[in-house]
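*Asks:* Sequence:
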Amino acid sequence: MDVLSDLIDTARVRGAVLGSVRARHPWGLDLAAEEDAAFHAVAAGSCWLRVPGTEPVQLMPGDVVLLTRGGRHAISSTPSAATTPYDSAAARREAAATGELVLGGDGPTTRFLCASYSYDRALHHPLLAGLPQVLHLPAAEAPLSTGVAASLRLMDTEIGSRDPGARAVVARMIDILFVQVLRGWLASDGGHTEPAIGWGAALRDRHIGAALALLHEEPARAWTAAELADAVHISRATLNRRFAELVGEAPMAYLTRWRMELAARQLRDGETSVAAAAHAVGYRSEFAFSRAFTRHHGTAPSRYRRTFAEVG
Numbered sequence: 001m002d003v004l005s006d007l008i009d010t011a012r013v014r015g016a017v018l019g020s021v022r023a024r025h026p027w028g029l030d031l032a033a034e035e036d037a038a039f040h041a042v043a044a045g046s047c048w049l050r051v052p053g054t055e056p057v058q059l060m061p062g063d064v065v066l067l068t069r070g071g072r073h074a075i076s077s078t079p080s081a082a083t084t085p086y087d088s089a090a091a092r093r094e095a096a097a098t099g100e101l102v103l104g105g106d107g108p109t110t111r112f113l114c115a116s117y118s119y120d121r122a123l124h125h126p127l128l129a130g131l132p133q134v135l136h137l138p139a140a141e142a143p144l145s146t147g148v149a150a151s152l153r154l155m156d157t158e159i160g161s162r163d164p165g166a167r168a169v170v171a172r173m174i175d176i177l178f179v180q181v182l183r184g185w186l187a188s189d190g191g192h193t194e195p196a197i198g199w200g201a202a203l204r205d206r207h208i209g210a211a212l213a214l215l216h217e218e219p220a221r222a223w224t225a226a227e228l229a230d231a232v233h234i235s236r237a238t239l240n241r242r243f244a245e246l247v248g249e250a251p252m253a254y255l256t257r258w259r260m261e262l263a264a265r266q267l268r269d270g271e272t273s274v275a276a277a278a279h280a281v282g283y284r285s286e287f288a289f290s291r292a293f294t295r296h297h298g299t300a301p302s303r304y305r306r307t308f309a310e311v312g
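Residues in the sequence shown are numbered from 1 upward in steps of one, following my numbering.
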């Protein structure tokens, strides 16, 4: 099982293109605070990302940036350029033949793409929780941007195309870019200064990566640490020690956490009973499941299910 793909599928990540922008200096766009993750990719020229409380970051051609928790931010031609609300600019935009948002003065031109990603915010996983607020993937750091440049070139071609299916291509490419950005972040070991720790190292590790894949492939199986160790051809002591070093907890603790997240997702949908959710994640006893669920989520599964049913 591909752990990253399983996590993205479970989180129900869905991308949406907001628009393509062609701007000439001086210019600035202010993007309102949103819960969805925000994504920007620079096709040509350069610009500055401005996030309140942090230093401005210069973005160069081929750079991509993901604001994993959304929030208000600005994109501009200089670190101090005046900004216009994105929604206002889009409402009165001069629509080019390509459908781009065109703005600014008569200086150097920058072209970039704006998109957003929605996801199940109730899902809690250490990899997602460990993502930085601003995930910047520079084109200059080739190992981190593998595949991104090719995807951006295709996006740049399709987003202004009138060919049949162009919109479908763009929709799928924006989802592909999300995976590629996370790949790049994992390749950098998730920002860890010590490359031997973190989720990137865990997924690349021959034994721990295989153990994670097995747990995600068969989360309902009655795994023991000994069986898992045998399956990945290392001793139980080595598995427990190395897994905890890289992932931050023991393999059986991680499995319980993931089972509780999978069960919670089913209960949030409102169509699965507590007994069925318990069985789906490997619990024969509904009582044992309820106890584990309450310990993890702080509320009983029946109450958790009712809460989301009332919200829905």
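Bear in mind the hints are in silico, worked out from the structure with no lab data behind them. Take the hints with a grain of salt, since some may be wrong.
[As the list claims (entries may be wrong)] What follows is a set of in silico ranges between Cβ atoms, one per label pair, in the way DEER data are often shown:
{"id": "1", "residue 1": "Asp9", "residue 2": "Thr157", "range": "22 to 32 angstroms"}
{"id": "2", "residue 1": "Asp106", "residue 2": "Arg306", "range": "43 to 53 angstroms"}
{"id": "3", "residue 1": "Asp106", "residue 2": "Arg153", "range": "34 to 44 angstroms"}
{"id": "4", "residue 1": "Pro164", "residue 2": "Ala309", "range": "38 to 48 angstroms"}
{"id": "5", "residue 1": "Ser88", "residue 2": "Ala129", "range": "49 to 59 angstroms"}
{"id": "6", "residue 1": "Arg162", "residue 2": "Arg303", "range": "19 to 29 angstroms"}
{"id": "7", "residue 1": "Glu141", "residue 2": "Arg303", "range": "40 to 50 angstroms"}
{"id": "8", "residue 1": "Ala140", "residue 2": "Thr54", "range": "13 to 23 angstroms"}
{"id": "9", "residue 1": "Pro79", "residue 2": "His279", "range": "17 to 27 angstroms"}
{"id": "10", "residue 1": "Arg167", "residue 2": "Pro56", "range": "42 to 52 angstroms"}
{"id": "11", "residue 1": "Arg162", "residue 2": "Thr238", "range": "32 to 42 angstroms"}
{"id": "12", "residue 1": "Asp87", "residue 2": "Gln133", "range": "58 to 68 angstroms"}
{"id": "13", "residue 1": "Ala253", "residue 2": "Arg162", "range": "27 to 37 angstroms"}
Note that beta-carbon positions come from the ideal geometry of N, C-alpha and C, so glycine has one too.
*Asks:* What hints, given by number in increasing order, does this structure fail?
*Replies:* Structure breaks hints 2, 3, 5, 6, 9, 10, 11, 12, 13.
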